[in-house]
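Novice: We have chain A already, so just place chain B on it with the hints.
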Amino acid sequence: MMSSQLVTLVPALPLLGAVVNGLLLQKRASRVVAGTIASVMVGLSAVLSFMALAGLMGHDAAPLEAHLWTWMQAGSFSADIAFRVDQLTATMMCVITGIGFLIHVYSIGYMDDEADKDSVWRFFSYLNLFIFAMLLLVMGDNFLLMFVGWEGVGLCSYLLIGFWYENDDFASAGKKAFITNRIGDFSFVCGLFLLYWSLGDHATLNFHKLEEVIAHHPELVGGIGGVVVTAVCLLFFGGATGKSAQIPLYVWLPDAMAGPTPVSALIHAATMVTSGIYMICRLNFLFVMSPVAMATIATTGALTAFVAATIAVTQNDIKKVLAYSTVSQLGFMFLGVGVGGFVAGFFHVITHAFFKALMFLGSGSIIHALHHEQDMRKMGGLRKYMKLTFAAFLMGYLAIIGIPGFSGFFSKDEILWLTFITPVFDGLPFGTVMPKVLWALATATALLTAFYMSRLMFMTFWGDYRGASHDAHGHGHEAHGHKPHESPMLLVLPLVVLAALSAVGGLLNLPHWLPMHGSLHHFLDPVFEHAHVAFPEDNPLEFPLMVLTLLGIAGSVAFAYTLYIKDPTRPAALAERFRKLHTGSLNKWYVDELYQAAILTPIYVTSRQVLWAIVDAQVIDGVVNGAATLAQKAGTAHGRLGGGKVQVYAIFIAAGAALLATAYAVG
Amino acid sequence: MPLLSLVTFLPVALALLVAVMPKEAARSGALAASLVVFAASLPLWFGYDPAGAEYQFVEKHPWIESWGVGYHLGLDGVSLLLVLLTTALTPLILLAGFSGVHEKYRGYAALMLALEGAMIGTFVSLDTFLFYIFWELVLLPMYFLIGIWGGERRIYAAVKLFVYTVAGSLLMLVALIGLYWAHYEQTGAWSTDLGDLLALTLSPDTQKWMFAFLAIAFAIKVPMFPVHTWLPDAHVEAPTGGSVVLAGVMLKMGTYGFYRFAMPLFPDAVTAYGPVLIGLAVTGILYGALVALVQDDVKKLVAYSSVSHLGYVMLGLFALNAPGVSGAIFQMLNHGVSTGALFFLVGVLYERRHTRAIADYGGLTKVMPKFALIFMIMTFSSIGLPGLNGFVGEFMILIGSFQYAPMWTVAAATGVIFGAAYMLWVFQRMMFGPLKNEANRNLPDLSARELTYLMPLVILAFVLGIYPQPFLDRINPSVERFVARMEEHFDESPYSCGNACLPSWLSKETH
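Respectively, the protein sequence lines represent chains A and B.
Be aware that the first sequence starts at 1, since it is given in the working numbering, and climbs by one per residue.
Be aware that the second sequence starts at 1, since it is given in the working numbering, and climbs by one per residue.
These are computed hints drawn from the structure, not numbers from a lab.
Keep in mind that a hint or two might mislead.
[Claimed, not checked] The calculated DSBU-like cross-link candidates involving lysine-lysine, where the alpha carbons are at most 30 Å apart (straight line), are:
1) A:Lys117 x A:Lys176
2) B:Lys370 x A:Lys176
3) A:Lys384 x A:Lys436
4) A:Lys209 x A:Lys320
5) A:Lys209 x A:Lys378
6) B:Lys60 x A:Lys117
7) B:Lys436 x A:Lys27
8) B:Lys370 x A:Lys320
9) A:Lys27 x B:Lys366
10) A:Lys176 x B:Lys436
11) A:Lys566 x A:Lys588
12) A:Lys27 x B:Lys370
13) B:Lys366 x A:Lys176
14) A:Lys117 x B:Lys436
15) A:Lys566 x A:Lys483
16) A:Lys566 x A:Lys580
17) A:Lys117 x B:Lys366
So that you can see chain A by itself, here it is in the shape it has in the complex (with noise of 0.2 Å):
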């Protein structure tokens, strides 16, 4: 058991590497210098975090709570600076400490390029201070705390992309990442004092006294299926769909690729684009209330899923398949939690951690083999130069596509299988068909999603290398003639551990029609105690259905395995067959020029040319400019005073004011 006040040491551990390293050392630090500071306080905070998981495994543990100091307060209006760790939040810090001392270890081997020599210590203290961030997020006891974290990670995710600022491509990556999550966090914010104002007197910004209220006042917020919490719901979803990356703010988190691959694998992958997922968690009783709300989060990740899987399916670049599959998968873990799955969805969260942060990560093996190429096409063969993160890298292949055994099958089928029994929607319109529409969906970016991670498979380690062949002809990258080679043990070892929980990682959550089952489903009772959604059981099409995505899949994997191993020139064949298609997906669909045309180039063009050119230039100063000119002739016909205007003025407002005194003296 952990005393209260040493779960404040969590966070503040990161925070004092990123200070250490960010202000105290700087370029004093060499990489392994920073590195070492930087992974060792993240490690100990995994200790800890660990430590405060375990004190919470027993029966009626009570969650920790630690109040440091008063934030804000006017009137009834407070905020505190305070932590409580209850099951849930216990749970993603040790995702947060644990994979992301795995990520900072292996940040160590793969910031050893020459040209980040002085800068490395920079990288270190962002991802410290990311850890910290992310900590405050999950631990904040309140509202505005957790938004501390919400935008933090925001912003040490725009400092991570724009790692190599001078890059201006990157640079703008990283503000596109900022800014399309405040559109986000301005829904959120929005949610935040529309349920404030419903409270009145009960208002609170605590997650555990709001709780409360609800379950004692639901007619505060209209009770169930009422209009405001509906529209508190959607709008904390629509800071979701930033932070997490969905329809319609997912545009992002491709373009945030530009940073180091580690930072990909932590911040983009494993842990603060699941943020959506862990707010809806935190907030389950109010979400509960709305089926509208959860129909929509439900509906709008199972398009997310699906429009990502098809956008992965033609990239050439390993991190851009890997973007899109993260935003797929992201999408299935909403799809989770709305359909009432919350555990479910959650726990999806946490394999998904392993197994993408493994991937991040091999491909960043990859990277740093190869000398910074990301083009599939360019890859090949690596299975035989690479054999430990060839090993690796497979048991994150086999557990995200869902072969049974590996963690991702349990996550995923948990929430395919729910998905299609759901009684959430069953009072709205259609609220019988959607079940079956949105598991269909789901079941179709599952056999996308088997068949794009295999292509991705096949292109980069299948086959022979095609690199060398390039240095050939004559790209003046002579060095590159020698074949690639494994990684050193710094990047290496990581990548077998998180090989080892993506394997296994089903273990914390074995479902019903195994031996000690639903492990996580028990831990975390007492958090979703006021979201119960009863699931019918014993279905007969439960293990059917699961037949047939399991057949569908291994289809999916033999039809990628025909076009990219069989026969490769297939591929270009089909493409030129569904040309339109083809061009559509590889180039996502021209989403982000729809953004462009319709919102940003209008915002830009009428700010300049008609607010600052007309409204402010022409309009105002026109009648204050003809003021002043009027004023000032008055000055000249009077005579000059000196030289200089002002006097004229003084002399105007004495006279002025004299005039109008004696004006109201007699009037």
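Specialist: Same frame as chain A, now just chain B:
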């Protein structure tokens, strides 16, 4: 000891001293003078009792007895913080002027100190006549600071500032005289004392025109849309120190005027005209942000961002509840810190390169890493990143204003998106990317002196963001009195809000 008189007139006296100092001693002399004033103002912070009387350190003496004019000074929590903001910024401004002001430093410093005294005077006056005098006195040093030490179009900018302000002042004068007359009518005695005037009962119609006149005068100073166009010109042409004092303190005279005079004197007019002002405040937030977005001149961009930020302050004041008004007051401090620092930073670059065009920069992080870090901190402070000062004020304002003006608040909240857009974009264009311009290759990073005047603001940005409560503790009791006075004049909601209220479908009944 009459502490308030001391803090008000000490800078004026020291200004005269600085003006006649030997040239060589002027810099250190002026800096020392401003530090003495700052030291003299510190007892106000420590001596002020948040739980104590409404006004503290009160000095009340008859002055022009036959007119009913008194010399009446006093300090509440709000004036306290504004006075300290003024006395704290002035030394930084004078220090920054060491390099920026090449000619006539003595005159510059003397005017700056005189300006400081006049501004403090406006914040501590509790007599309308006295207030009006200080209000007018502020204008003169500012006029000369821009007109003499300004840029190429300094005369145009100075005259524009003058025309705008004088127009406002005249309206204010009319309203104050009207009030003066009303006091005589009701009591048979002449008085310009704020306390006496607050005790009057005025018909709603009388309140409306008087409020309107005062509101226009104050709105020009804030500045609110659409009377803001003097500000970008004044900022662009003003020397760095002028811009800092303008943004840091002078604009707050407008919002302070609303808080101290226009709103408490005419509460019925507030409920009548509040929606108009809220509408203009929100328009200003968005308009300022959008126009800032398209600027080519970095100083103009920061100037327009001020229009946007002050819009939040106005919105908060008219929220008429504790979080909204306290947030607004707190935001006045924040804006002084963040925008003050941003103008300093722009000044640092201007001194090195003599250009304010954003396009002339790019990739500066490489050559000026310390500058880049501070610029970044202030950028995020300005866009309200939680953990820094801007967030506290902005959030309190919005959660407060949502209560009576929800749809306007939602519109205002979009400002957080545009704010991030214009600040991050300018930051990227100036600091990130390759170092394109050869002229920037050898720019020196911040000097020790520059760090000395920037660091206090950086530290304040963190302190105000992480531990704002000591400041809020001093603001809150005063704000609660203000809110209580306003609440006497309405029942459920101050505004019959029309389409600014929530749409009818958003009722709490289950559908």
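Novice: Could you run down the list of hints and mark each one as holding or not?
Specialist: Now for the hints, and whether the structure bears them out:
no.: 1; hint: A:Lys117 x A:Lys176; in the structure: 27 Å, holds
no.: 2; hint: B:Lys370 x A:Lys176; in the structure: 24 Å, holds
no.: 3; hint: A:Lys384 x A:Lys436; in the structure: 44 Å, violated
no.: 4; hint: A:Lys209 x A:Lys320; in the structure: 42 Å, violated
no.: 5; hint: A:Lys209 x A:Lys378; in the structure: 56 Å, violated
no.: 6; hint: B:Lys60 x A:Lys117; in the structure: 66 Å, violated
no.: 7; hint: B:Lys436 x A:Lys27; in the structure: 25 Å, holds
no.: 8; hint: B:Lys370 x A:Lys320; in the structure: 34 Å, violated
no.: 9; hint: A:Lys27 x B:Lys366; in the structure: 14 Å, holds
no.: 10; hint: A:Lys176 x B:Lys436; in the structure: 22 Å, holds
no.: 11; hint: A:Lys566 x A:Lys588; in the structure: 28 Å, holds
no.: 12; hint: A:Lys27 x B:Lys370; in the structure: 13 Å, holds
no.: 13; hint: B:Lys366 x A:Lys176; in the structure: 22 Å, holds
no.: 14; hint: A:Lys117 x B:Lys436; in the structure: 23 Å, holds
no.: 15; hint: A:Lys566 x A:Lys483; in the structure: 24 Å, holds
no.: 16; hint: A:Lys566 x A:Lys580; in the structure: 25 Å, holds
no.: 17; hint: A:Lys117 x B:Lys366; in the structure: 14 Å, holds
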